[in-house]
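As you go down the protein sequences, you meet chains A, B, C and D in turn. Its first residue numbered 0, the first sequence is counted upward by one per residue in numbering that gives the first Met the number 0. Its first residue numbered 0, the second sequence is counted upward by one per residue in numbering that gives the first Met the number 0. Its first residue numbered 0, the third sequence is counted upward by one per residue in numbering that gives the first Met the number 0. Its first residue numbered 0, the fourth sequence is counted upward by one per residue in numbering that gives the first Met the number 0.
Hints are supplied without guarantee of correctness; some may be wrong.
[To be verified] In silico DSS-like cross-links for lysine-lysine, where the CA-CA straight-line distance does not exceed 27 Å:
1) D/Lys7 - D/Lys29
2) A/Lys276 - A/Lys114
3) A/Lys276 - D/Lys307
4) B/Lys173 - D/Lys57
5) C/Lys144 - B/Lys173
6) B/Lys152 - C/Lys144
7) C/Lys285 - B/Lys173
8) A/Lys32 - B/Lys152
9) C/Lys217 - C/Lys259
10) C/Lys175 - D/Lys29
11) D/Lys57 - C/Lys175
12) D/Lys16 - C/Lys175
13) B/Lys158 - A/Lys32
14) D/Lys57 - A/Lys114
[Unchecked claim] Just a few of them, taken from the derived set where beta-carbon distance is under 8 Å, the chain B residues facing chain A:
15) Leu155
16) Gly156
17) Lys157
18) Lys158
Worth flagging that the hints you see were computed from the coordinates, not collected in a lab. C-beta atoms are modelled at their ideal positions from N, C-alpha and C, and glycine is treated no differently.
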Amino acid sequence: MIESVVDVAQEESVYLPQMAQLLKIEQMTELEKVFTLQLPGGRSLGNDPGQFVEVSLFGIGEAPISVSSSPSRSNGTFELCVRRVGDLTNALHGLEPGDVVGVRGPFGHGFPIEKMRGRDMLFAAGGLGLAPLRSLINQVVDERGAFGRVIVLYGTKHPSEILFKEDLKAWEERDDVEFHMTVDRGDEDWTGNVGVITTLFPEIAINPRNTIAATCGPPIMYRFVLMEMQSKGIPETQIYLSLERRMKCGVGKCGHCQIDQFYCCQDGPVFTYAQIKGLEEAL
Amino acid sequence: MAENGRPKVAFFDFACCEGCQLTVVDSLQTHLELVEAVEIVQFREAMTEKGEDYQIAFIEGSCTREQDEARLREIREQADIVVALGACAHIAGVNAIKNVQPSLQDVREYVYGDKWEQYDSYAARPISAVIEVDAVIPGCPIDRFEFLDVVKKLLLGKKPSVPDYPVCVECKLKENVCILETGGTCLGPITRAGCDAIYPTYGVGCLGCRGLISNPNENAMMDVLEEAGLTVEQLMSKMTMFNAYEPAHIGEAVASPAEE
Amino acid sequence: MSTVDVNVNVHHLTRVEGHGNIVVDVQNGELKQCELQIVEAPRFFEAMLRGRPYYEASHITSRICGICATGHATASLRATENALGVEVSEQTELLRKLVFHGEIIDSHVLHVYMLVAPDFFGVGSVLPLASSHPDVVKRALRIKKLSGDLCAMISGRHTHPIAMTVGGFTHLPTIKEMLAVRERLVAAREDMDETISLLATLPWPEFERETEYVSLQKDEEYAFIDGRIATTDGFAYELPDYRNVTNEYLVPHSTAKHTKHNRDSYMVGALARFNNNYDQLHPRAKAAAEELGMKPVVTNSFLNSGAQAVEMVHCVEDSIRIIDELVDRGIEEEPPYEFQGKGGEGVGSCDVPRGILFHNYVIDDDGVIQGANCIIPTGQNYGNIEADMRALVPQILDRPQEEITHMMEMLVRAYDPCISCSTHFLNVEFV
Amino acid sequence: MSLWVIDKQAMAPFVAKLMDDYRVVGPLAKGSQFAFDEVEDPADLRLDYNTSILPPKKYFQPPEERLMTFRRNGGTTVQPIVEAEPTVILGIHTCDLHAMRVLDEAFTQGYPDAHYTRRRRQAMVVSVECLEPCMEHSFCKSMGTLTADDGYDLHLTDLGAAYAVDVGSDEGKALLERFAEARPAAEADMQQLNKVLGAKWPRFPYKLETEVDELPALMSQSYESPVWEELAEICLACGQCTIVCPTCFCFDVYDEVDLSLQDGERRRRWDSCQLDLFATVAGGENFRESQAARLRHRFMRKGRYLRKKYDALGCVGCGRCARSCPVDISPVNVFNELHQVRA
Ligand SMILES: Cc1cc2nc3c(=O)[nH]c(=O)nc-3n(C[C@H](O)[C@H](O)[C@H](O)COP(=O)(O)OP(=O)(O)OC[C@H]3O[C@@H](n4cnc5c(N)ncnc54)[C@H](O)[C@@H]3O)c2cc1C
Ligand code: SF4
Ligand code: SF4
Ligand code: SF4
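Chain A extracted, bound-state conformation (with noise of 0.2 Å):
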């Protein structure tokens, strides 16, 4: 027999993750973690806000997670909000500061900021969907000279479940960031909006032509902003959603991510909604 197995470091597999450590681990909510990662020797991750990371547990596997934090504030870490649904984020909570995990990344595309730059921001997010956001948002507001009117929308099912409080805090007391929330369902302490988001858009007025619009929440919500959003004028072109789908590979190969011709870990996962329109499976 020729020997069969060939050592390929010299030509970089890319589904060969990184070692990155955890720093930090910080609970956030009943089923929601911030790690705050390391690559080897301080490198910068290099991410656009809206890109994601393969991330690998092995033995367990991996899964696509959003940086969460961004660029502008890397300082040679980056953020991962993660919420605990199956096997791998069931371990990942299970770890400490000082573990390792692999990363690889980061992958596909994210938000255009060189397009954004001189332009009205409106972002609206539900849920975990802040967590890629997040990214932008704080890039923005980092740069907040290079942007129009800020506006922050953000809308959970119940207080408990609000995610990044120290964000949004620092976002409410800005003078230069209109922040709303909301949430579907309050409890005793909480003297905010009530309702799904939709119903934060009514307060708001906006110059359509001159707005980029940035979503990203769970798909039922898609359907109901991107309606506000085209209610209010935005072109089509102007809106920029992040789409989540089963990724096994990240970088275009494995097929589980497509959307009609699309491939979700490549040409997204932030789309324009005038790219994915009337594709039946993309919402």
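Please arrange chains B, C and D with the ligands on chain A, whose structure you already have, making use of the hints.
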């Protein structure tokens, strides 16, 4: 990580042939380290000790008598994780063929004559009809590699899942000549994979021992079998060799397939 | 008169297949009760076969028992073939013998090493031996893997064989595969020698009780499949007359039926075959028997395990011989059997690891089974086990109760009872 | 490139010599059908085979393969692996050559897949011209795959007593020079080649009722067609069609560990978009929940999506899926039906 240390495991059996437990013993041929990975505290077929302190219970066999129910509940009470081991426990398997005979009394009389009443037995049920089950290892008998796979998933704290796609996938991955193409009959298109398509590989159409996938197109399957030349009786036989258990049939006599 | 009270109550005997209880009650030295209670859930295979197409019978009945699955399948196929008038080719006969040898070795190695041996090492199972006697355990697993692979090569797997069908096989081994297994069989001779040496050193309990031994018999070879029914009391029957031997009856403490023939009970299994067919054993097997001090007629039931070891040696040798013959002939594809539209009644018999087994079917002209009867070896042994128990208890009454219990367990275990297969039953009215 | 001739008696020695330096695979009989497998005796090679059960893509993307091994204890370590060895693939049909283009694009575009490319580079492709329709299910002529003018190292055409050998690459030329007793084609050989190839085309039927270039447009217009629901009634969702297809390349990735949970490997295995859970995500959302949607996806991929992405059709008309399908769903029939509904 949510890894479970070295859990205590116990094996139990009800109405069955014990072939699945035997397969567990067979798995030691290639994986003797199993005895290091878990602590076996009860395994009547192979050991004398009977520890009642266990976290994982593997249960083989169908429930066919009232007294079985109480025992099953006891096991459920003790175990953190209950795994149905093999077709009898998973889907009642061949035991349920008696459920589709003319009547249970007839079945008992046929075998025990006028003393039939001494021999307690009701319609065969999978153990999930009596207690909650956390995982299944399908098959008649189980596939030993799948058994090991489930054990490893449990040790890793993963969901101990088994495939939910049809046998055809594995069959084609092995590049078998399809039994349907050679004029035979096969339940592979609707039967849960995980056996490495062992029946078609050895020239016999799948008999369905691993139970059906979650969304089987049974009507289309029956059309295919009829097309392949099975009579209605033969077709019903085929569909009920391992998959005769229907909750709806329990407690009532059902017409035998041959009498339809 | 002795004043001993003994009360043995073994609930769910371990290291046997299926559920049985041993109950011994001695009051003032008098044996009041001595039973092997079979509490296995009955499974009604014969009733379940009715109304099913003939080609399903071997697949369904192999599920009677996970250990003798190949034996059940073979007996089932022989019954069907006899009912339908199917002749099988020499190649099929050879392959069936070969796969059968695989099952004999597989079952015997399991029994001798994993179920019986722990008693002699003073442990409750084979598991602790993995660290205390790794060589023994590894040898056992090696032999078991070989026999399992031998079965798998022919029928797909040992438990519930796949490729065995009415008239032949649906899959054939290649010459290359057979030669690879042959090489391992030759290498296994060493393991066989070690097995015999090991057994020769074990302190087998001394216990003699004469009984009738029943097995298949053939003039030309050590019989496992087909032949006539022979007994050490000098009887011989053709297979269709099996009921003359078995005479089944029900007892209240058992979900399995009992049988009797010339005496109150008879014994089947490795020891019965050994006693009836010693002459046809391979010379190496005879040498092994000599090393174990066994010469027919052996009347110590505990030595059933010795007979199993002797049979393992025989089967290894005979498997090598069969493979050589198959390689010589070459393997040929054979056309599958096609049903001819004519039914009938047939009896099939094999001498499976635990003894002689009968399947008897009536099949109608549509190929549908109308009646079935299966008589399983362990069922035939129950009467004899109880007779042995009754004979042994008085001999050991002076020992501590714990030891008596242990001896009882060892005695029952010696028969290698397969309790789950033996629960079936009677009163078969054929149409 | 150049045209050579190998006498038929010289084939077996050629193959035998190749076997000294390469793993040699080719079509061998498997029961009543054919499968590509390692050649142990050149006499077993069946260049007259009809379409193999699985396509030769399995030598570039094996049904199952290891991507890396890892250790979990101490500092986690990972070792990437590619299982590849120098291989000569004999007897590839031209439809499968066309299919390889799709795979080449898919695995090299964007992030190249070293596992694929390494094996691809180590493989020598010797294809063979089909002279007779190979089975009722194929429709290669309609798809424009009944011949190929590149994609091979050597290409054989059966001339009766000899094979004409088209050299398609320098590596192919070297292979021929090193291992075969071949001679440059003479005038008479070319005459014979012309005769053979001239006679072949009429033997193959056109089965597609529209032009192959029309397919992407046809598929665009057929998104809402009732045909999908109708097919879903009879489709068993068994996944065979995609497993046997030479242009399908979807896969699943999973980890396996030993019982001590210390050592393990990450593996991948062919997957199928026809299976229920293919597009299901956490929370149970399934983006192609109905079989109708999954079937449509498959045919859209074949007729349109891959063309858009890789500039090559996702169906080469080999007919494998139709042969495997227990309910006789055949792409050419589906395309024709869509065409008729549209017309
Ligand atoms: C581009 C992208 C960005 C994402 N960003 C985040 C994020 O920032 N935070 C976060 O918590 N989650 C995010 N997700 C979702 C996350 O990937 C899944 O929740 C995760 O894969 C579940 O893995 P698991 O092993 O824990 O669950 P599993 O045990 O694998 O699966 C549970 C369920 O999820 C399905 N599933 C399996 N694999 C995937 C997969 N790769 N993607 C989706 N579903 C799958 C299974 O079918 C099963 O039903 C993102 C997904 C995508 C595609
Ligand atoms: S033999 Fe059975 S399992 Fe295999 S492909 Fe054909 S139908 Fe499917
Ligand atoms: S092979 Fe046929 S039945 Fe199976 S999934 Fe494909 S189209 Fe459906
Ligand atoms: S879709 Fe069918 S005919 Fe077309 S290339 Fe794939 S398997 Fe061949």
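A quick look at each hint next to the structure:
1. D/Lys7 - D/Lys29: This hinted pair holds, its Cα atoms lying about 23 Å apart.
2. A/Lys276 - A/Lys114: holds (20 Å)
3. A/Lys276 - D/Lys307: holds (18 Å)
4. B/Lys173 - D/Lys57: holds (11 Å)
5. C/Lys144 - B/Lys173: holds (23 Å)
6. B/Lys152 - C/Lys144: holds (25 Å)
7. C/Lys285 - B/Lys173: violated (45 Å)
8. A/Lys32 - B/Lys152: holds (24 Å)
9. C/Lys217 - C/Lys259: OK: lysine 217 of chain C and lysine 259 of chain C at ~23 Å, within 27 Å.
10. C/Lys175 - D/Lys29: holds (16 Å)
11. D/Lys57 - C/Lys175: With a Cα-Cα distance of about 25 Å, the restraint between lysine 57 of chain D and lysine 175 of chain C holds, given a limit of 27 Å.
12. D/Lys16 - C/Lys175: holds (23 Å)
13. B/Lys158 - A/Lys32: holds (21 Å)
14. D/Lys57 - A/Lys114: With a Cα-Cα distance of about 44 Å, the restraint between lysine 57 of chain D and lysine 114 of chain A is violated, given a limit of 27 Å.
15. Leu155: holds (6 Å)
16. Gly156: holds (7 Å)
17. Lys157: holds (5 Å)
18. Lys158: It holds, given that the least Cβ distance between lysine 158 of chain B and chain A is near 6 Å, below 8 Å.
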